[in-house]
Amino acid sequence: MTRGRFASYVADNQAAGRLVVQPRMGFATTEQMRGGLLAVRAARATTAGTLTLDSFTRVGDHASAARALVHGHDLNGYPLVAHGAVMTRAMLEDIAADDFPVQVRHGSALPLGIFHALLDAGLDATEGGPVSYCLPYSRVPLRAAIDEWAACCELLASVGDGRGAHLESFAGCMLGQLCPPSLLVALGILEGLFFRRHGVRSLSLSFAQQTNPGQDLDALLALRHLAAEFLPDCDVHLVVYTFMGLFPRTPAGAAAILAESVRLAVAGGAARLIVKTSAEAFRIPTVAENVAALEFAATQAAGCAAPARRSFDPAASPAYAEARLLVEAVLDLHPEPGTALAEAFGTGLLDVPFCLHPENANQARSRVDPDGTLRWTRTGRMPLRPATGHAADLGSAELIDMLAFNQRRFDTPTTEPTTPALSPAR
Amino acid sequence: MRLSTANAPVAVLSTIPSDSHTWNLVYLHLLLEEHGFRVVNLGACTPIDELVAAHLRHLPDLVVVSTVNGHGAVEGEQLVRRLRRHDRTTPVVIGGNLGVAGSADERHVPALLEAGYTGVFVGDRAVDDFRAHLRTLHARPHLAASPV
Chain W
1 MTRGRFASYV
11 ADNQAAGRLV
21 VQPRMGFATT
31 EQMRGGLLAV
41 RAARATTAGT
51 LTLDSFTRVG
61 DHASAARALV
71 HGHDLNGYPL
81 VAHGAVMTRA
91 MLEDIAADDF
101 PVQVRHGSAL
111 PLGIFHALLD
121 AGLDATEGGP
131 VSYCLPYSRV
141 PLRAAIDEWA
151 ACCELLASVG
161 DGRGAHLESF
171 AGCMLGQLCP
181 PSLLVALGIL
191 EGLFFRRHGV
201 RSLSLSFAQQ
211 TNPGQDLDAL
221 LALRHLAAEF
231 LPDCDVHLVV
241 YTFMGLFPRT
251 PAGAAAILAE
261 SVRLAVAGGA
271 ARLIVKTSAE
281 AFRIPTVAEN
291 VAALEFAATQ
301 AAGCAAPARR
311 SFDPAASPAY
321 AEARLLVEAV
331 LDLHPEPGTA
341 LAEAFGTGLL
351 DVPFCLHPEN
361 ANQARSRVDP
371 DGTLRWTRTG
381 RMPLRPATGH
391 AADLGSAELI
401 DMLAFNQRRF
411 DTPTTEPTTP
421 ALSPAR
Chain S
1 MRLSTANAPV
11 AVLSTIPSDS
21 HTWNLVYLHL
31 LLEEHGFRVV
41 NLGACTPIDE
51 LVAAHLRHLP
61 DLVVVSTVNG
71 HGAVEGEQLV
81 RRLRRHDRTT
91 PVVIGGNLGV
101 AGSADERHVP
111 ALLEAGYTGV
121 FVGDRAVDDF
131 RAHLRTLHAR
141 PHLAASPV
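Those sequence lines, one after another, are chains W and S.
Per the UniProt record's numbering, the very first residue in the first sequence carries number 1; after that it's consecutive.
Per the UniProt record's numbering, the very first residue in the second sequence carries number 1; after that it's consecutive.
Derived from the structure by calculation, the hints contain no laboratory data.
Treat the hints with care, since some could be wrong.
Across the chosen pairs, the derived CB separations fall in these ranges [claimed, not checked]:
{"#": "1", "chain 1": "S", "residue 1": "Glu114", "chain 2": "W", "residue 2": "Ile95", "range": "38 to 48 Å"}
{"#": "2", "chain 1": "W", "residue 1": "His390", "chain 2": "S", "residue 2": "Asn7", "range": "25 to 35 Å"}
{"#": "3", "chain 1": "S", "residue 1": "Glu114", "chain 2": "W", "residue 2": "Arg249", "range": "24 to 34 Å"}
{"#": "4", "chain 1": "W", "residue 1": "Phe312", "chain 2": "S", "residue 2": "Leu56", "range": "50 to 60 Å"}
{"#": "5", "chain 1": "S", "residue 1": "Gly123", "chain 2": "W", "residue 2": "Gly346", "range": "39 to 49 Å"}
{"#": "6", "chain 1": "S", "residue 1": "Ala132", "chain 2": "W", "residue 2": "Arg408", "range": "17 to 27 Å"}
As the structure is a prediction and not an experimental result, all values here were calculated from the model.
Beta carbons: idealized from backbone N, C-alpha and C, even for Gly.
Just need the whole structure built from these sequences, with the hints factored in.
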């Protein structure tokens, strides 16, 4: 088993019972970015750093990113390629280290230039995937994304004196919300198999908190079980994302949903958590808001009991049953995971609800039950059965209602004990 | 409730080239259908060329640009200037979060109107204002929806 800086740090902390917490964070200038990373590093928490790239860089429009820098315009992230390796190495000097690894988060369907830039800058961890960064966020043909991601994986596998770099699949976060967990789990395993096929041996699989904690925990445990079955020869850790959809607007609601995601991560055996902040419903958070969220998450994690060595029974897991069915049906299409994925979407065997990419069948539909459980109302040509007794058609008001489920759940005061405030202390 | 018919007015729904968000597009698609439009939804990260091509192909009654990634003030302006080279009359509206600074969006409104938008919808009331705007469009004779 070979691990680079990022994966070693995560594995060592997991072994010591510490949850690694990580922000989303990206700024236009090297000064701002360095300041942000220094603050994350100094936070009272076990942190990993993040370079979130701006959306011009994500779509390969490096000229626009460079123009914005020249004119002093703000960007919504760090333009890694426009700054280049020399500037980025200088920015990271004395910050990125074995005790503070930094991951590049980019959102690009065609990221080969970004991968070259991050490796040239001395970084060894990034994320995404041929499906998870193509279908939800781009209009790039899936086959083109698959081919480019194959080259990206082979590039990652070739670095670090054969240790290889670390790659996280973003498939557990498809569209952020309203995707039933079994499909998220299946896509994570399939992207993991794709990474492995193209040489990556150190990888992480993601899962984004949804709308029902019990369903989320079942999915995370199913993901861990399937990873052991399908990727036994890889170094794999799990990463949980605090809810990515319409975020609670009250400080108490934001704190409570973040705390729930911490409990999910700990109970489900995840090694890492990507947090959200109290500002999430309104704007891109400040550094101080990010630090507050990281410290809050660390405090919550320290207060969680170590996960009971629960015996996971696959036969009793709804997520496991559906995910395993999907994974096997896709792998039956073709021995190459990339080709199998392309064919699966081409034929509607995989179908992400509400995803507008031209190659997604977009026949599948889901709904949120009153208790927050996500259910299929229409499964299109996937080999799954929809829940009975519910119409699949929905209007704009119902959609907003479902998208705002967690906002209501956490912003509406209940009789539950209040969670400490989540706002910057400094 | 779908009122669209073959004669329904057509709305082209788009975002800006750098914006990968789509829930706003899924929502507005349903909302426009409920207001009687047939919707051509161009999906995430729409290149301006593709928007112009779709515009010339569908000759829509309304163009809706929705963006939330913070680059709307910049790319939204480029987009409408390009579109206006081909079409100076069709209503073109933009809404969402237009700048990186969130609540400071109001300051982008004059420049976007000057560049060619007929409506700019930002802030907490953006959706309500947009719905009201859709109702005023319906008052225009050539845009009257024809529900069955």
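message = Taking the Cβ atom of Glu114 of chain S and the Cβ atom of Arg249 of chain W, is their distance within the range 24 to 34 Å?
response = 33 Å, holds
request  = For Ala132 of chain S and Arg408 of chain W, compare the CB-CB distance with the range 17 to 27 Å and indicate the outcome.
outcome  = Distance hint for Ala132 of chain S, Arg408 of chain W holds at roughly 25 Å.
ask   = Does the Cβ pair Phe312 of chain W, Leu56 of chain S satisfy 50 to 60 Å?
value = 56 Å, holds
inquiry  = Is 39 to 49 Å respected by the C-beta to C-beta distance linking Gly123 of chain S and Gly346 of chain W?
reply    = Since Gly123 of chain S and Gly346 of chain W have Cβ atoms about 42 Å apart, the given range 39 to 49 Å holds.
query = Is 25 to 35 Å a correct range for the gap between the Cβ atoms of His390 of chain W and Asn7 of chain S?
reply = Holds - the Cβ-Cβ distance for His390 of chain W and Asn7 of chain S, about 32 Å, lies within 25 to 35 Å.
query = Is 38 to 48 Å right for how far apart the beta carbons of Glu114 of chain S and Ile95 of chain W are?
reply = 43 Å, holds
The structure agrees with every numbered hint stated previously.
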